[in-house]
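J.: Dock chain Z against chain W, hints included.
2 protein chains.
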Amino acid sequence: MDKKKIVLTGDRPTGPLHLGHYVGSLINRVHLQDTAQQFIMIADAQALTDNADNPEKIKQNIIEVALDYLSVGIDPNKSVIFIQSMVPQLFELTMYYLNLVSWNRLKHNPTVKAEITQRGFGETVPAGFMIYPISQAADITAFKADIVPVGEDQLPMLEQTSEIVRKFNRTYQCDVLVEPKVMASKLMRLPGTDGKAKMSKSLNNAIFLSEPFESLSKKVKRMYTDPNHLKVEDPGKVEGNPVFTYLDAFATDKEKLEEMKAHYQRGGLGDSVVKKYLLEVLEDFIAPIRTERARYAQDKEYVYRILKEHSEKAAAIAQQTLDEVKRAMGIDYFLEKVNI
Amino acid sequence: MDKKKIVLTGDRPTGPLHLGHYVGSLINRVHLQDTAQQFIMIADAQALTDNADNPEKIKQNIIEVALDYLSVGIDPNKSVIFIQSMVPQLFELTMYYLNLVSWNRLKHNPTVKAEITQRGFGETVPAGFMIYPISQAADITAFKADIVPVGEDQLPMLEQTSEIVRKFNRTYQCDVLVEPKVMASKLMRLPGTDGKAKMSKSLNNAIFLSEPFESLSKKVKRMYTDPNHLKVEDPGKVEGNPVFTYLDAFATDKEKLEEMKAHYQRGGLGDSVVKKYLLEVLEDFIAPIRTERARYAQDKEYVYRILKEHSEKAAAIAQQTLDEVKRAMGIDYFLEKVNI
Chain W
4 MDKKKIVLTG DRPTGPLHLG HYVGSLINRV HLQDTAQQFI MIADAQALTD
54 NADNPEKIKQ NIIEVALDYL SVGIDPNKSV IFIQSMVPQL FELTMYYLNL
104 VSWNRLKHNP TVKAEITQRG FGETVPAGFM IYPISQAADI TAFKADIVPV
154 GEDQLPMLEQ TSEIVRKFNR TYQCDVLVEP KVMASKLMRL PGTDGKAKMS
204 KSLNNAIFLS EPFESLSKKV KRMYTDPNHL KVEDPGKVEG NPVFTYLDAF
254 ATDKEKLEEM KAHYQRGGLG DSVVKKYLLE VLEDFIAPIR TERARYAQDK
304 EYVYRILKEH SEKAAAIAQQ TLDEVKRAMG IDYFLEKVNI
Chain Z
4 MDKKKIVLTG DRPTGPLHLG HYVGSLINRV HLQDTAQQFI MIADAQALTD
54 NADNPEKIKQ NIIEVALDYL SVGIDPNKSV IFIQSMVPQL FELTMYYLNL
104 VSWNRLKHNP TVKAEITQRG FGETVPAGFM IYPISQAADI TAFKADIVPV
154 GEDQLPMLEQ TSEIVRKFNR TYQCDVLVEP KVMASKLMRL PGTDGKAKMS
204 KSLNNAIFLS EPFESLSKKV KRMYTDPNHL KVEDPGKVEG NPVFTYLDAF
254 ATDKEKLEEM KAHYQRGGLG DSVVKKYLLE VLEDFIAPIR TERARYAQDK
304 EYVYRILKEH SEKAAAIAQQ TLDEVKRAMG IDYFLEKVNI
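Protein chains in written order, with our numbering: chain W, 4 to 343; chain Z, 4 to 343.
Looking at chain W on its own, in the form it has when it is part of the complex (with noise of 0.2 Å):
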């Protein structure tokens, strides 16, 4: 039989979880956790490279992120989660692979080159920042991922933990370290409420995981819908209307979808039905992981026990690895030399 694949994913903890993650990549990690063996990291570590000054915020969010986890049926059973600042291995594997990247390779990346125009950094981007692709690679080897699934803007990422696999294979003439392979994705990436391309929480257009019923009524009725369907009666657009998306992911009765969209586009739908019939769907899928949120919640020590051994597990993983690699590089003394 098939050695059961490994996969790497994780989420920064700057925020609690909301729809766009859950499509994008929360809804696989459920599945992918039956077949294969998978890491779910709260990069903590990552997130201070930008969040240096507010680690309380950081702090917080573990918590949060790891409640939507479970709530959304991530099994602690089947999926190791952990905290990556519970794993100094990582930190130890980055700063090896560090030596074997060019200083221009690091500045030319194409992701952290527009995080940093998005962030608004310019030169004053924290270098931690800068070399958090090798920070990753350190990430996804350390467990010898196979699989990183990943939207296409992480591609890079990617690339650049490919090259330092091959690198270091290469130059300590040994096979310690493996490829990691792009999951294709066929998931979607869920607008914000705005309308914007992304769901995001600075950007104010998210739907949470964890959202109260009241305020995911008022975003549902302050959504965005076809700007030129102005009157009931109006044909209205459904393509790019970020109703009808939500709808498309989160509507169960396919066959009711498709009448209201052809309804809504030879016109007579208004977007006040549409959006209520949103918000019985999005209450629908809600509801039950609020109520798990609310069950874990009370429960943080077990919460905690969970991410706690769970980095353990983690960190003893990442050891083995790291023990090889030091192995590789023959910088791994003493350790026939003296007994312990």
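Hints should not be assumed to be uniformly reliable.
One copy or two, either will do: identical chains are not told apart, so a pair holds if it fits within one copy or between any two.
As the list claims (entries may be wrong) - Lysine to any residue pairs mimicking SDA-like chemistry, simulated, CA-CA at most 25 Å apart:
id, residue 1, residue 2
1, Lys7, Glu327
2, Lys311, Thr324
3, Lys110, Gly123
4, Lys147, Pro91
5, Lys116, Ser213
6, Lys110, Asp56
7, Lys170, Thr17
8, Lys116, Val128
9, Lys62, Asp335
10, Lys204, Glu242
11, Lys311, Asp326
12, Lys110, Gly125
13, Lys316, Phe253
These are calculated hints, taken from the structure and not from any lab test. Predicted, not measured: the structure shown is a model, and the values here were computed from it.
T.: Frame of chain W, contents of chain Z only:
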């Protein structure tokens, strides 16, 4: 009574140590170890930043450097002699400090810029090399060193460490990190045998502490003197004449040396006579070191044990600092929440 000062010093293990190291640093350490708590780091990880393709060289030179230390009188009962890569806490500290330094600041470090030019790196400089000032800040602060004895060319490195200390303590409102002071050095810099400003293995102008008599003799014979001192009867220059600079550093009979200088300056003293005296002086200095070195080299197990035990001791101290650092940042998760 005053608390003992804490000193951090060290060397990259890229070759055996030479007379320049002795005069510029080792002699100082031999004295310091009686009054200060001295940590001496064999900086293998730092050496790897520009030797990633040749870790074997670094590995082999660790023992050479350790033998040099012991044979000049660094006492393992007084000084802690440790290997950088065996203190992984240093990598972790480095990663957190990198978030406190801007990319712009990093690339304008004068010492690093000079070293890049010297090594002919340009844009191909390894990223690990570019960030080594931050790794050095981790080395210094991990041991809460008060005093770092460095040459003038290293002052920008110390300034970078101080900046990180101030920024860390300010950002996390604590006084965990200690700002190091430069030790005002009364030590001299020994020129190379070719008269160049710096003695260095890579410039092939070095006399090693482990130099055998035969090659010592050859090196002294080939030394540069006053280029205008062509005939024995010519007056010769003493200033800037490396043979006399070496005699200044190592001759114990100062009266005889002054007489020779006077004779050389008025003419009538040949280079070969001065060199013969220098050879005697250097052999008197090196012979006991050579004997000690041979003795330790016969018991490498003992040297390895020192390095291993001292590295463990250093790691324990660095772990304390790391714990304090993480507590100050508020990322010491679970320490109170879950019992182990």
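J.: Please go over all the hints and tell whether each is borne out by the structure.
T.: Status of each hint after checking the structure:
no.	hint	verdict
1	Lys7 / Glu327	within (21 Å within a copy, 40 Å between copies)
2	Lys311 / Thr324	both (20 Å within a copy, 22 Å between copies)
3	Lys110 / Gly123	both (16 Å within a copy, 19 Å between copies)
4	Lys147 / Pro91	both (16 Å within a copy, 21 Å between copies)
5	Lys116 / Ser213	neither (32 Å within a copy, 50 Å between copies)
6	Lys110 / Asp56	both (23 Å within a copy, 22 Å between copies)
7	Lys170 / Thr17	between (33 Å within a copy, 23 Å between copies)
8	Lys116 / Val128	both (10 Å within a copy, 20 Å between copies)
9	Lys62 / Asp335	between (34 Å within a copy, 9 Å between copies)
10	Lys204 / Glu242	within (24 Å within a copy, 70 Å between copies)
11	Lys311 / Asp326	both (22 Å within a copy, 17 Å between copies)
12	Lys110 / Gly125	both (12 Å within a copy, 14 Å between copies)
13	Lys316 / Phe253	neither (35 Å within a copy, 57 Å between copies)
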